[in-house]
Amino acid sequence: MAPDRYPAVLFRAVTKSYGPVRALSTLDLCVAAGSFVALTGGNGTGKSTVLRLAGGLSRPDAGVVRVDGWDPRTAPPRLRGRVGLLTHDSGLYPDLTVRENLVLYGRLFRTPAGAVPDMVEALDLGAPLNRPVRELSRGTRQRAALARALLHGPDIVLLDEPYTGLDAGAVARLTALLARILSDGATIIAALHDLTPVDGVRTRLVELAAGRIHRDVPNPVAVQVGP
Amino acid sequence: MAGTETLAAKRFAPAGLLRWRRPLGLAAAAGMAALAVTALLLVAPDAVQGPPQRIFYIHVPSAWVGFLALAVVFVASVRYLVTGDPRHDDLASASAGLGVLFTTGVLLTGPLWARPVWGAYWVWDPRLTSFFVLWLVYLSYLALRRQVTDPVRRARYSAVLGVLGFLDVPIVYMSVNWWRGMHPEQVVITADGPRMPAAMLATLLLGLAAFTLFYLYLLAIRLGLARARRLAWATDATAADMEGTR
Amino acid sequence: MTTPVTMPDVTTTPARIPVLDQATIAGPVHPRPGGRVPGGVRAGLRAAGLVAAKDLRLESRTHDAVGTVGLFALLILVTASFALPTGGPDRAGIAAGTLWMAILFASLLGIGRTQALESEEGCLDALLLAPVAREYLFLGKLAASLLFTVAVEMALVPVLLLLMQVPVGSGLALLLAALGLGTLGLVGSGCLFAVIAVRTRMRQALLPALVMPVAVPLMIASVQATGAALTGATVGANMHWLALLVGFDAMVLLVAVLAFPQLVEE
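Residue numbers (the working numbering), protein chains in the order written: chain A, 31 to 257; chain B, -12 to 233; chain C, 171 to 436.
Treat the hints as calculated values from the structure; they're not laboratory data. Hints may be right or wrong, so weigh each one.
Unchecked claim - Example chain C residues on the side facing chain B (calculated, C-beta under 7 Å, incomplete):
(1) T370
(2) R373
(3) V386
(4) A391
(5) V425
Note that beta-carbon positions come from the ideal geometry of N, C-alpha and C, so glycine has one too.
Required output: the full structure, derived from the provided sequences and hints.
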């Protein structure tokens, strides 16, 4: 494999169980850099597990997970700082303000100085900026969580149901932000229940069922651009 | 289907220690019987301590085996943390339960011996107290195992406790020893060699052998159970998995 | 001030579909060489400092770790002075025992609670994504918990001396050494087992059950050394206790740092 041709995310025969529940069964998935994969499937079909494994927060019981060629669990900073993950939880400290949370993560991920204001702007977080996260509404908290996940300008973006709780305006902002990130060369995998917000932006649809891939289609309205 | 039955039979077939369980069981039974006869009838009681001293032949072997069981937990825990192979976790959990069993034996026979000899059931003697703490550590090990349902995490968490608990043992012993000290002078092994009369020493060694065989027998059975349980769990998961793809 | 985000017309712009060739999809999956995890000691310590500072800031907001926990510890002391004989010939020993019981329960309560909070909101997961070796995250947490426990002790010890009518005098050095080393071991084992405990059914309520058996030698040594200090003994006469504490601390911290990365994985 030539060094610049690693797939952004690669799952090879990955199996993962949580206790008696088998979340993923010998899953094979290969995501090219620059794609936007919409991951769908009913509850409990393994979407969140895929994202956690790609983010390096879990270890597969069997099989390999590679993100840009590296194992995300043991990857060097060159990779670690390039992955952004949003799980079901916000990842925000409830008793700190939005600004304090973002500044903390900004410093931890060594983001440049303008990153926090940019993200605040993109997700319209100016108003709640100095309020503790605990006091925020569901939608606002979700926007703050998205800001946290995307703050360090990751080029591998893993989002678990990012549109939850967002109103129409916020949905449009998020879609625009994701489109911008995508056109900057990032790879996005988003677990979604409702595909309508991303219909024009996504390049691939992967549907999971019982821990395996049930359906895998490129965006039907898109133009295929090959090598 | 015939194929899966053979497969199932193969997966559950006894392996390793488990294959030896019948000979171990017989040997253990013979050893314990011999010990009972020797300790109760054949060997002469200690001149100073009298008949209660015979508990020594159960107490010391229990302590030896209890400690051995816990050492096995330690080694298995380390190997699990290094390799992630669940068979090491089977061994650790099998041995931990036995460690609690034999250590309980130590804690029961100790006071029974202490009362007639020292006049009180519990005297905070360093060795007995160390065993008490060890017993507590391994009870918390078992409690921890019951609290986690996911097999991989259960194995990992209990392995960490298994390692830390065992490394703690010499520290526990030193702390209790400096805090109190009243165990009868080391009778068995000294710089000049064993100081016991030959008959007592022989009986003690018989006891050690019998208890060790008994431990290995119980370990074989528990190991088989743990392994069967783990494989059944995995088989169930696979069957459910096949269900889902139909 | 940055320009407002313009929203591209996403409904009509065709999406580019990147394509992978078969060789890449089916190719070998050896991980790329890149060496072990992150940035070196300086970056790690910096991250640990950020984590500790975050805990301190949280504390200044909620006053849980020092305030509420400190109150709990104080109440244990006060109840003990009602329940136990004070001012008798044994008062140094009783005072030492009471102090360490208060520190034990109070610190485990605090550590368990902060670890639970960390897990509840997925904050620990978010921290784990950072380009930093995971051991340093543990160090940051440990440093903050140590500071909180020491802060509680600084209030507790004078109250103890007063209630139990015990002087300190020439034993001050020994007292400080015993408190320092004992607290380090206690907080270290607390932080280690807290990571495990919050992932169990009983969550942080299991923490005392995990820590207390393993910490028996620590309690014995700390109480004995503290008791000796309260009768005016010197460090020299109690080196064995301090040495034991150092050994215990080293063991716990070593296991904690080695095990933490494995423990936080799902």
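Outcome of the hint check:
no., hint, verdict
1, T370, "4 Å, holds"
2, R373, "9 Å, violated"
3, V386, "5 Å, holds"
4, A391, "6 Å, holds"
5, V425, "5 Å, holds"
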